[in-house]
Amino acid sequence: MNLGEINPILLIASLMVAATPLLLAAIGELVVEKAGVLNLGVEGMMIVGAISGFAISVETGSPWLGFVAAAMGGALLSLLFVLLTQFALANQVASGLALTLFGLGLSALLGQSYVGIKPPSMGDIHIPVLSDLPVIGPILFQHDPILYVGIALTAGVWAMLKYTRAGLILRAVGENHDAAHALGYKVVRIRVLALLFGGACAGLGGAYISLIRVPQWTEGMTAGVGWIALALVVFASWKPWRTLLGAYLFGGITVLQLNLQAAGVAIPVEYLAMSPYIITILVLVILSADKSRAPASLGRIFHASH
Amino acid sequence: MTIPLLSLQGLTKAYPGVVANDHVSFDIGDGEVHALLGENGAGKSTLVKMIYGLIKPDSGTMLMRGQPYAPSEPRAARADGIAMVFQHFSLFDALNVAENIALGMENPPPMGDLAARIREVSENYGLPLDPYRTVGDLSAGERQRVEIIRCLLQDPKLLIMDEPTSVLTPQEVEILFETLKKLRSEGTSILYISHKLEEIRTLCDHATILRLGKNVGECVPAETSARDMAELMVGSALQTPERAGRALGPVALDVTGLSVPSPSEFGTALKNVHLTVRKGEVLGIGGVAGNGQDELLGALSGEITTAADAIKFNGQPIGRLGPTARRKLGVLTAPEERLGHAAAPDMSLTENALLTGSVRENLETRGFLKWSDARVFAERIIKSFDVRTPGPENAARSLSGGNLQKFVIGREVLQNPEVLVVNQPTWGVDAAAAAAIRQAILDLAAQGTAVVCISQDLDELMEISDSFAALNEGRLSTPRPTAGLTVEEIGLMMGGAHGMEVAHV
Chain R
1 MNLGEINPIL LIASLMVAAT PLLLAAIGEL VVEKAGVLNL GVEGMMIVGA
51 ISGFAISVET GSPWLGFVAA AMGGALLSLL FVLLTQFALA NQVASGLALT
101 LFGLGLSALL GQSYVGIKPP SMGDIHIPVL SDLPVIGPIL FQHDPILYVG
151 IALTAGVWAM LKYTRAGLIL RAVGENHDAA HALGYKVVRI RVLALLFGGA
201 CAGLGGAYIS LIRVPQWTEG MTAGVGWIAL ALVVFASWKP WRTLLGAYLF
251 GGITVLQLNL QAAGVAIPVE YLAMSPYIIT ILVLVILSAD KSRAPASLGR
301 IFHASH
Chain B
1 MTIPLLSLQG LTKAYPGVVA NDHVSFDIGD GEVHALLGEN GAGKSTLVKM
51 IYGLIKPDSG TMLMRGQPYA PSEPRAARAD GIAMVFQHFS LFDALNVAEN
101 IALGMENPPP MGDLAARIRE VSENYGLPLD PYRTVGDLSA GERQRVEIIR
151 CLLQDPKLLI MDEPTSVLTP QEVEILFETL KKLRSEGTSI LYISHKLEEI
201 RTLCDHATIL RLGKNVGECV PAETSARDMA ELMVGSALQT PERAGRALGP
251 VALDVTGLSV PSPSEFGTAL KNVHLTVRKG EVLGIGGVAG NGQDELLGAL
301 SGEITTAADA IKFNGQPIGR LGPTARRKLG VLTAPEERLG HAAAPDMSLT
351 ENALLTGSVR ENLETRGFLK WSDARVFAER IIKSFDVRTP GPENAARSLS
401 GGNLQKFVIG REVLQNPEVL VVNQPTWGVD AAAAAAIRQA ILDLAAQGTA
451 VVCISQDLDE LMEISDSFAA LNEGRLSTPR PTAGLTVEEI GLMMGGAHGM
501 EVAHV
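Read top to bottom, the protein sequences are chains R and B. Just so we're aligned: 128 in this note's numbering is position 128 of the first sequence, and the numbers increase by one with no gaps anywhere. Just so we're aligned: 259 in this note's numbering is position 259 of the second sequence, and the numbers increase by one with no gaps anywhere.
Since the hints were made in silico from the structure, they are not lab data. Misleading hints may appear alongside valid ones.
[Unchecked claim] Each computed DSS-like pair below joins lysine-lysine, with the alpha-carbon atoms no more than 27 angstroms apart: (1) R:186 / R:162; (2) R:186 / B:56; (3) R:186 / B:157; (4) B:181 / B:196; (5) B:157 / B:196; (6) B:328 / B:383.
Produce the complete structure using the sequences and hints provided.
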């Protein structure tokens, strides 16, 4: 055992990378749930985003186009969920589960010829002065651009929900869709837009795994991150900054336990492997003791009765 | 002749199997308070939804100041100066007052300015409101204020109010009426929907009466007796329930020092409730909705268990017993919410009869159900309570509100309870069915059952109860004999105006 081998600067820098797919998917799902829809298909949209992003960036050689394709792929798959739940009024839980299963199968099919290929690299940003700072530079200013997109999205969603009329209407629709309808707001249209946004975010999160974090394509490579994102939204009490905190905590402990395993700490590997889940949930449960509630219309089917 | 503000001509709207509005025509003038009167299901709500642009009429036209008016959506109606206060408040519990109001406006100013305007307008009309309070924490009267102020901020020409007083104490009603009179004096027209005749007589200039979707008459309420209007509404002479004189027996239900936290977040905790009900007595419990009614019913039914001694039945402590154990003893309850609490919507009437009847009606043996007996029991309920349904195999959801209510009450009454607790027994039920339900409750009391009737309908409580108490913020006032109680006293028992200021007119 040699704890000295763990470099704290690298550890913190890599926790941000580990947290980003989770953060992207969770922020998208947060908006969806704030609009009153429960989409359990996050995992499916992520894996479809992962393969569409991977395939397009391999074909075109541009990781940027890959990420755009990933967002579109995720949004496209969420459109299936939209059709099922918003127009055919199907059960949201069942539709979400179906979406995940469908996404896993579809991505495996699409990805057959991409196994074992290395995608073009995106490269890290380099800001003069800032990136060269000791300690702070490697931690904060030497990452790929998408990581910053994730943080910007969190800030954007937070500001949108809190300060804008669009955010107010979105929250109103999630809170009481009948009342929102009576006031003349287009409940279904708002939810469709939220779902598309959620799908695009999940797609980005998936592509982050296949293009940056790993980077290569293997079947089922999202490995449950979509499910963690779903849990994270709930335990973060539908608050964007708390979602970011939870994602970083999860990412941090994941990275730390990998480092500990490598350093040969005398704790059984299984305990280390389960630690991110337990600690993240524990911390967020304690935080969520302030009685914040789920959006009141969450998961309920809306049908305009008049 | 002046052109009326809004003129409805031959409005018709049909739904599958029912004509909700059949060639309804009337005019609303400037600065007029126009009453729209009718029983549940008479088509009042459909009519105002057409005016507010929520639904489109099948035929007929509307004219506003002589110009054709056909709003395609509520937004268009609002732009034309029509505002509506809904019967079931269209508010968002988790948002604050200012946010709720901003949602009802086309181009709301920034939050800070809006809050200032809310303060100003609310003070002006004597309806003070704090713009930053969360709506879920407000009383029913205050929530209604939010809706009214939301409308007033748009300077409406016509304000539609759908059953505005059903959730208010008499004192709060008075404050509301002062505000409405001030609006009228400023030239705003009001379309006032209600089935409470005395209110209409004091407030309204003109009344249109609907029955089964048709306009069956118009009158000037101040010059027409309440009884005449009621008969126009119902279409036949009304029967008032009879109460036989009866001697009260020993105490059957004894509640002492009952304190219960509310199971739901926006509910009200019960605080030190005392009450006794004797055999053959009907205790009426009034109060504005949300002051602990659901919690009291839950505590009495056994859904919320309490300290054993807090609730005694014939001297025996039952506070720790669950609903089934209490049913076995003879303490039966019929909760308020028909679909979901009192009945399982998608199950048949037979299954619903089984759900509460299995213990007392002996409908199961060693865990197996006796379907034929259950069916006989359900049929007995349908027959004795005149429930209109093709048969007991129909789903509870398929019954109209009034019919299901008769079934739910009948199911408990037929089990010969020793104590019966009902919450809102005639809510949303037409006058004839309501009279039948009240009569059944009185008959039951005459046979020696102790009855607790929780209701928001004060007229109902005055009609059937021997003693009266009111719930206010989870506290129960001391029960008093109903005979000789004045409206003023009842209002004070219900918490008066809840500290709300009277309109400064």
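Comparing the hints with the structure gives:
no. : hint          : verdict
1   : R:186 / R:162 : holds, 20 angstroms
2   : R:186 / B:56  : holds, 17 angstroms
3   : R:186 / B:157 : holds, 25 angstroms
4   : B:181 / B:196 : holds, 18 angstroms
5   : B:157 / B:196 : holds, 24 angstroms
6   : B:328 / B:383 : holds, 25 angstroms
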